[in-house]
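Number of protein chains: 2
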Amino acid sequence: MPDSWLDLDPDAQFGLATLPYGVFSTGPDTEPRVGVAVGGHVLDLGGASRALDAPFTDTVDRPSLDTLLAAGRPVWDQVRSALTRWLTDPAHADAVRPHLVDRSTVRLHLPFTVADYVDFYASEYHATNVGRIFRPDQEPLTPNWKHLPIGYHGRSGTIVVSGTDVVRPTGQRKPPTEPAPVFGPSVRLDIEAEVGFVVGTPSPMGERVEVDSFPDHVFGVFLLNDWSSRDLQAWEYVPLGPFLGKSFATSVSPWVVPVAALEAARVEQPAQDPEPMPYLRGTRPWGLDLCLEVRLNGHVVSNPPFAQMYWTAAQQLAHMTVNGASLRTGDVFASGTVSGPEAGQRGSFLELTWSGKEPLRLPDGTERAFLEDGDEVVITATAPGPDGTLVHFGEVAGRILPAR
Amino acid sequence: MPDSWLDLDPDAQFGLATLPYGVFSTGPDTEPRVGVAVGGHVLDLGGASRALDAPFTDTVDRPSLDTLLAAGRPVWDQVRSALTRWLTDPAHADAVRPHLVDRSTVRLHLPFTVADYVDFYASEYHATNVGRIFRPDQEPLTPNWKHLPIGYHGRSGTIVVSGTDVVRPTGQRKPPTEPAPVFGPSVRLDIEAEVGFVVGTPSPMGERVEVDSFPDHVFGVFLLNDWSSRDLQAWEYVPLGPFLGKSFATSVSPWVVPVAALEAARVEQPAQDPEPMPYLRGTRPWGLDLCLEVRLNGHVVSNPPFAQMYWTAAQQLAHMTVNGASLRTGDVFASGTVSGPEAGQRGSFLELTWSGKEPLRLPDGTERAFLEDGDEVVITATAPGPDGTLVHFGEVAGRILPAR
Chain U
0 MPDSWLDLDP
10 DAQFGLATLP
20 YGVFSTGPDT
30 EPRVGVAVGG
40 HVLDLGGASR
50 ALDAPFTDTV
60 DRPSLDTLLA
70 AGRPVWDQVR
80 SALTRWLTDP
90 AHADAVRPHL
100 VDRSTVRLHL
110 PFTVADYVDF
120 YASEYHATNV
130 GRIFRPDQEP
140 LTPNWKHLPI
150 GYHGRSGTIV
160 VSGTDVVRPT
170 GQRKPPTEPA
180 PVFGPSVRLD
190 IEAEVGFVVG
200 TPSPMGERVE
210 VDSFPDHVFG
220 VFLLNDWSSR
230 DLQAWEYVPL
240 GPFLGKSFAT
250 SVSPWVVPVA
260 ALEAARVEQP
270 AQDPEPMPYL
280 RGTRPWGLDL
290 CLEVRLNGHV
300 VSNPPFAQMY
310 WTAAQQLAHM
320 TVNGASLRTG
330 DVFASGTVSG
340 PEAGQRGSFL
350 ELTWSGKEPL
360 RLPDGTERAF
370 LEDGDEVVIT
380 ATAPGPDGTL
390 VHFGEVAGRI
400 LPAR
Chain C
0 MPDSWLDLDP
10 DAQFGLATLP
20 YGVFSTGPDT
30 EPRVGVAVGG
40 HVLDLGGASR
50 ALDAPFTDTV
60 DRPSLDTLLA
70 AGRPVWDQVR
80 SALTRWLTDP
90 AHADAVRPHL
100 VDRSTVRLHL
110 PFTVADYVDF
120 YASEYHATNV
130 GRIFRPDQEP
140 LTPNWKHLPI
150 GYHGRSGTIV
160 VSGTDVVRPT
170 GQRKPPTEPA
180 PVFGPSVRLD
190 IEAEVGFVVG
200 TPSPMGERVE
210 VDSFPDHVFG
220 VFLLNDWSSR
230 DLQAWEYVPL
240 GPFLGKSFAT
250 SVSPWVVPVA
260 ALEAARVEQP
270 AQDPEPMPYL
280 RGTRPWGLDL
290 CLEVRLNGHV
300 VSNPPFAQMY
310 WTAAQQLAHM
320 TVNGASLRTG
330 DVFASGTVSG
340 PEAGQRGSFL
350 ELTWSGKEPL
360 RLPDGTERAF
370 LEDGDEVVIT
380 ATAPGPDGTL
390 VHFGEVAGRI
400 LPAR
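Just so you know, the sequences run in chain order U and C.
Just so you know, the first sequence maps onto residues 0 to 403 in numbering that gives the first Met the number 0.
Just so you know, the second sequence maps onto residues 0 to 403 in numbering that gives the first Met the number 0.
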């Protein structure tokens, strides 16, 4: 990696290996703008592009990433190259510097308009754990699980940016000890640590997207917390899947890491047996070596390894469109809970506490089966960048407010 | 009902009792505009509002219904009152007449931007039939079915307007005779005759919408065909629900009938046992006496009675938000397949042909288990209007194209 004329702390977040995109504002009355995180700064991308008379100025001088997402891979590459050039060549320093804002002072927004939201279920460890817990009398993996990446549509309208408080949901649940369902606040409120992907380039209805076309359609990657009410979910989900147990809130990290930043993070996915059908095979590996960390009230409770996911995002994209479903700019799809083989690698409290039967003991002396009011969950991640650098994903954080 | 100065055929579609909203264009190069169907005409609502200097002109002089949807119940009532006045008082005839377009010449568009799409499962007859077919060794209704309106999120991006061709989807299915899934075009392609609802007034995250608030939030009603691939669905839907079996296309009728047009169609819903929880109870009935008709290649194959639905749209709205999920302008929710107790009242071929075992014999001498390439399905509906009039819903039509 070339050096920046900016004095970047090599151990801090957001070196030149990442250059993630987001949307920020600097005060309550200022319009949100597209920004790029670099070190302790946010670069006002529209402002810098205007100052440097960049050909893509009109694409990025916007209140959201929507126009950049729709612009497609050649423009994404052009913007990323320009950013690297501007931040490394001292000749640009005078023009760029006035457009750097102190990152600690900005407010971050949901960076794009979410179109559809699909959530997958791609960790074999997670699906096996959940199968054992929810359906103890059956095989943990359903017969379809290794043939296709199972997914379902979630609620786009309740996708919120990191830092948004989450009100504990209320609804029906049926405790095993009761003859009929009861009504009230969820008592088994959980997280799901996931990785999200956002589509930039759309595809027409009736046509499918190949596994190898993943980088032409997907703009970037972020972290996602699929808040889940296990008691609402357990009562409602047969036969049509999760609904209110998930739809109250889904939090996303504010910085979208471009797919181009993840070249060094690409790894072979775990061996797949049976061999997937041809439409689920590609020529290059799309496993991604992201290391996630889940913290509850400041204490690390899990380190889920994304490289262990059975199905890749490229396979998920191909599956999602194999029936001719179109893609729109802003479509989000998420990996499903990231859980690894070890107890300390599970991406949900359902698994970490084995459905509440083995509460976590926190260093502050308290115990947790599921989330309590006031609890804050923060998920972070890093991935290998070029030349020993690290790609940073920032964080997705949320605090639980009492039920209303 | 007062008479119109327009010479409306009392037996034709779209008398003054309906006055549905849509979006039309008059040529390939003209901008879509909000229109109102009345008899054989479309009233250019923006044009008429400008000519008559209506206070809501800016709300309706638009390329979609989005702004009108967001304007809320008082404006919806104001526009509907004005329309009735303009079309009945001869004093307005000269100002209105120039803004009437021959309905047979217009192209109709998807009338609003779809936000989230939720599909329910509210017919006891349908759910019982499907349970018997898909899970013959179990109770047909799952234990939760009579306690809550079961629903799931569908794909918003593939909601298309009536008349859009539907490409036969391709994907994985597992014939019972095969040891492993096979890949190819769906061989059990089906419809679901449903009624759709569109939200106008949003609600904030963390708060719920009461059953009685239904007419404050829901703008209007239309017909919906939830095209379904039964073979894709059967293989994929456990445990997270339908996904690719539904996401390739969902067709909607182009004319949105205002909730205000359905006062005379309101009926008591079927008795509910057990009594629903308080959050699912309202003070006024929201059963709706719509009579649907399903035609295959011109032949009537079913007459599903919407008044027989176990759960009402008002209960569905309350359920959908009881966990604090917000509503957005443009959210669509659909009833689920409308099936009545009689064989000729079933809203899907899955039920009409009992999973293909009892093919339908059509008057043209052919038989149908599921849909063949080239088949056209048209769903229409009427409901009682005031003073013996009929409210018309127009139609949702679609033709099957061969798999690509």
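Just so you know, these hints were derived from the structure itself, not from any lab.
Because the structure is a prediction, the values reported are computed rather than measured.
Among these hints, one or two may not hold up.
As the list claims (entries may be wrong) - Computed list of lysine to aspartate or glutamate pairs in EDC-like fashion (alpha-carbon distance at most 20 Å, straight line):
hint, chain 1, residue 1, chain 2, residue 2
1, C, 356, C, 366
2, C, 173, U, 136
3, U, 145, U, 164
4, C, 145, C, 267
5, C, 356, C, 136
6, U, 145, U, 28
7, C, 145, U, 209
8, U, 356, U, 366
9, U, 356, U, 136
10, C, 173, U, 274
11, C, 145, C, 52
12, C, 173, U, 138
13, U, 173, C, 138
14, C, 356, C, 371
15, U, 173, C, 177
16, U, 145, U, 274
17, U, 173, C, 267
18, C, 145, C, 164
19, U, 173, U, 211
20, C, 145, C, 60
21, C, 173, C, 136
22, U, 145, U, 60
23, U, 145, C, 386
24, U, 356, U, 341
If you test the structure against every hint from before, which numbers come out violated?
Failing hints, ascending: 2, 3, 6, 7, 11, 15, 17, 18, 19, 20, 22 and 23.
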